[in-house]
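Peer 1: Spelled out, the chains give:
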Amino acid sequence: EAQVTQNPRYLITVTGKKLTVTCSQNMNHEYMSWYRQDPGLGLRQIYYSMNVEVTDKGDVPEGYKVSRKEKRNFPLILESPSPNQTSLYFCASRLGRTSEAFFGQGTRLTVV
Amino acid sequence: QQPVQSPQAVILREGEDAVINCSSSKALYSVHWYRQKHGEAPVFLMILLKGGEQKGHDKISASFNEKKQQSSLYLTASQLSYSGTYFCGTVSGTYKYIFGTGTRLKVLA
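Residue numbers (my numbering), protein chains in the order written: chain A, 3 to 114; chain B, 32 to 140.
Please note that a few of the clues may not be correct.
Partner residues are not named here, just some residues of chain A that face chain B (Cβ under 7 Å, in silico) [claimed, not checked]:
#	residue
1	Gly44
2	Leu45
3	Met52
4	Arg99
5	Thr100
6	Glu102
7	Phe105
8	Gln107
9	Gly108
Hints are computed from structural coordinates only; laboratory data are not their basis. Glycine included, each C-beta is placed from N, C-alpha and C at the ideal position.
Put together the whole structure using the sequences plus the hints.
Peer 2: Dropping the structure here:
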């Protein structure tokens with residue numbers, strides 16, 4: 003089944019404790035992105051990747067890191083999480099430049 | 032900059048129609064529409080690739096006016112299942128993919 007898999011679905015952590023949210027797609031898509039969703043602010047892009055080893059900042063990259071060492075995986079790293087990073091996070095992938103986005107199930111992160 | 036959607040929110044009775052607009056300050060080369068149920072991932076509805084294109088899916092259709100840099104989503108004879116938040120999505124620049132500000136739609140029985 004074609005899908006984008008995110009883990010974990012829910013995470014509660016403490017300020018400053020490094021964490022990684024994984025994202026994997028099995029559709030051989032070129033493009034992958036991370037978004038955060040906050041009430042009233044819609045979906046804001048954090049980082050995106052156009053191919054292996056090629057990434058770029060989105061609109062809200064501060065406090066986040068990403069890597070794309072393999073085509074299928076695009077982990078999101080929070081080196082030192084803070085409470086303002088509490089949010090619902092989505093990973094998405096696309097086949098080509100004008101293709102639609104396929105989303106992972108989402109990760110609800112709470113930083114206390 | 033995010034495309035701006037209007038209205039921000041709308042409440043309908045079952046069977047009523049609604050129109051959701053997506054306007055961009057930059058050129059639109061393609062537009063996608065998504066629906067998101069609360070707490071779930073957005074789900075793709077349809078794609079419009081070129082100006083003047085219109086598409087339909089059951090009682091949901093969309094149009095794309097490339098010159099006006101806008102797209103509209105039409106929901107006809109709305110059903111309870113149409114409730115959710117609707118987003119337009121589009122490519123910004125060469126590779127970046129962004130979403131509109133969103134429209135919350137609630138259909139009442």
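Peer 1: Would you mind marking each hint as holding or not holding in the structure?
Peer 2: Cross-check of the supplied hints:
Checking A:Gly44 against chain B by beta carbon gives a least distance of about 4 Å; that is within 7 Å, so the hint holds. With its C-beta approaching chain B no nearer than about 4 Å, A:Leu45 sits inside the 7 Å limit, and its interface hint holds. About 5 Å separates the beta-carbon of A:Met52 from the nearest beta-carbon of chain B, less than 7 Å, and the hint is met. Contact between A:Arg99 and chain B, as hinted, is supported at the beta carbon level, the nearest pair being about 6 Å apart and thus within 7 Å.
For A:Thr100, the suggested interface contact is upheld, since its CB lies about 4 Å from the closest CB of chain B, less than 7 Å. Of the supplied interface hints, the one on A:Glu102 holds, with its beta-carbon coming within about 5 Å of a beta-carbon of chain B, less than 7 Å. Restraint check, A:Phe105 versus chain B: the minimum CB separation of about 4 Å is within 7 Å; hint holds. Taking 7 Å as the C-beta contact cut-off toward chain B, the hint placing A:Gln107 at the interface holds, the least distance being around 6 Å.
Annotation: A:Gly108 was flagged as interfacial toward chain B, and the flag holds, the nearest CB pair being 6 Å apart, inside 7 Å.
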